[in-house]
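In order, the protein sequences belong to chains A and B.
Note that this note's numbering gives residue 17 to position 17 of the first sequence, counting from 1, and the numbers run on in steps of one.
Note that this note's numbering gives residue 1087 to position 87 of the second sequence, counting from 1, and the numbers run on in steps of one.
Incorrect hints may appear among the rest.
[As the list claims (entries may be wrong)] The calculated DMTMM-like cross-link candidates involving lysine to aspartate or glutamate, where the alpha carbons are at most 25 Å apart (straight line), are:
hint, chain 1, residue 1, chain 2, residue 2
1, A, Lys128, B, Asp1017
2, B, Lys1076, A, Asp147
3, B, Lys1218, A, Glu125
4, A, Lys67, B, Asp1017
5, B, Lys1252, B, Glu1205
6, B, Lys1218, A, Glu18
7, A, Lys67, B, Asp1147
[Said to hold, decoys possible] Selected chain B positions facing chain A (Cβ under 8 Å, derived; list incomplete):
hint, residue
8, Pro1003
9, Val1074
10, Cys1235
[Unchecked claim] Facing chain B, from chain A, some residues (calculated, C-beta under 10 Å):
hint, residue
11, Gly56
12, Asp57
13, Thr74
14, Gly76
15, His93
16, Asp95
17, Leu133
18, Gln139
19, Met141
20, Asp147
It is worth saying that the hints were derived from the structure and are not from the lab.
Just so you know, even glycine gets a beta-carbon here, dropped at the ideal spot from N, CA and C.
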Amino acid sequence: MENLVSIISEHPIFNGLEHRYLDLLVGCASNIRFDAGDSLFREGEDATKCYLIRNGDVSLSIHHPPKGFMTIQTIGAGEIIGWSWLFPPYRWHYDARAIQLTRAIALDGTCLRRKCDENHDFGYELMKRFAVLLEQRMQAMRLQLLDVYAEA
Amino acid sequence: MKPDPFRIQHVWKETKDTFSVELTDLQPRRPFLFCPGQFNMVYVYGVGEIPISISGDPSDSRHVIHTTRAVGVVTKALQTLRRGDVVGIRGPFGSPWPVAEAEGSDVVIVAGGIGLAPLRPVLYRIIERREKYGSVVLLYGARTPADILFRKELERLRSRLDIDVHVTVDRALVQWRGNVGVVSAMIARGGFDPQSTVAMLCGPEIMMRFSVAELTKKGISDDSIYVSLERNMKCGCGLCGHCQLQKYFICKDGPVFPYVNVSNAMAIREL
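Use the sequences and the hints to build the structure in full.
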């Protein structure tokens, strides 16, 4: 338990989180590992977890007929995958697959939502951090959409 | 101001819209010496003249290499030339990357698309004197895997154990096992000491703006960040005024600038 607390507290998204909230998080946390090629989740499945990536790389991809599967982003160590557990209907919107051996902390979304309902201060701390993540991803996505390397 | 004749030795395709050309001086009076970051004015006789960064090894004083996209009249004409054809060269012009000043520090190179071409001479110089630098990190972004410039060289660089090379693309099919995402997002991965790092950036200006923001967030000070600007250069020697950016002429005072000197100007949309 103590080891999970220190691992989670060192993750950039939870940097500076008060210990009492870390304890609440740890109650929803578990260690997990994915071998290269393993699927974390697929589009349309229930979004029950989010993953703090400790090491390794995960590709997020989406099926785009007729081109096939297109990778939209690669998530690596120190990053986090998944916020679909936050928003109804709690379903994944893309596939995630480990590119190489990947170790992560899985946070149970149902557990987190329940604890946020019970403790609004904890919920606010969590939402602030996920809001930063959403903002970063949106900025990056906008830059990708601009296609800045295309012919001027 | 008169161009010197240079003979084309070789023209080769790098990606679908980018090519390189190797030149030698037709009348070699002296070795062609340049500093990483400088450019030549390349004149295709009867067509026109444009500034192109020198992308070759600064230690090779006999061969001059330029890498460019075939997007305009002059570059498209240059691409059709063959071994033995002659072009006119004026240069080298412009301010160089702070390669010597970076000795003793970590170095972060952030390049996007064709922006890797003016930074390749920096890599050659660093490799030649590797022991003089701390950690060296190269972050390169391209549109798709097929658009990765100097791919074989990047693979060789990566196989060295003393330079961190990270390549990312904006979009890819799932067969691509590399990174997908914007190059600025890779800065957060670190691998350098922000208190003692010199950063050199070249690519689309928006890519440089986002990258500077990430470098600053990481703790690198503005005066340790250098950018290469390419705007409207015509004469190459500060006479025509086309490339004026506030008090600077990009061709003469740049194209490499300390970011602190041009950050305000870069933010003014009308310039």
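Taking the hints in turn, this is what the structure says about them:
1. A/Lys128 - B/Asp1017: Given pair A/Lys128, B/Asp1017 is violated - Cα atoms ~44 Å apart, limit 25 Å.
2. B/Lys1076 - A/Asp147: Holds: B/Lys1076 and A/Asp147 sit about 22 Å apart, inside 25 Å.
3. B/Lys1218 - A/Glu125: Judged against 25 Å, a Cα distance of about 23 Å means the pair holds.
4. A/Lys67 - B/Asp1017: holds (22 Å)
5. B/Lys1252 - B/Glu1205: holds (19 Å)
6. B/Lys1218 - A/Glu18: With Cα atoms ~23 Å apart, B/Lys1218 and A/Glu18 stay inside 25 Å; holds.
7. A/Lys67 - B/Asp1147: Holds, at about 18 Å.
8. Pro1003: violated (26 Å)
9. Val1074: violated (15 Å)
10. Cys1235: Violated - the Cβ of B/Cys1235 stays beyond 8 Å from chain A, reaching only about 21 Å at its closest.
11. Gly56: Given a least distance of 12 Å, the restraint on A/Gly56 is violated.
12. Asp57: holds (7 Å)
13. Thr74: holds (4 Å)
14. Gly76: Since chain B brings a Cβ to about 7 Å from A/Gly76, closer than 10 Å, the hint holds.
15. His93: A/His93 check fails; min Cβ-Cβ to chain B is 16 Å, beyond 10 Å.
16. Asp95: Hint holds; A/Asp95 Cβ to chain B Cβ min 9 Å, cut 10 Å.
17. Leu133: Violated, about 12 Å.
18. Gln139: Since chain B brings a Cβ to about 7 Å from A/Gln139, closer than 10 Å, the hint holds.
19. Met141: holds (9 Å)
20. Asp147: Check passed: Cβ of A/Asp147 comes within 7 Å of chain B, closer than 10 Å.
Violated hints, in rising order: 1, 8, 9, 10, 11, 15, 17; the structure is consistent with all others.
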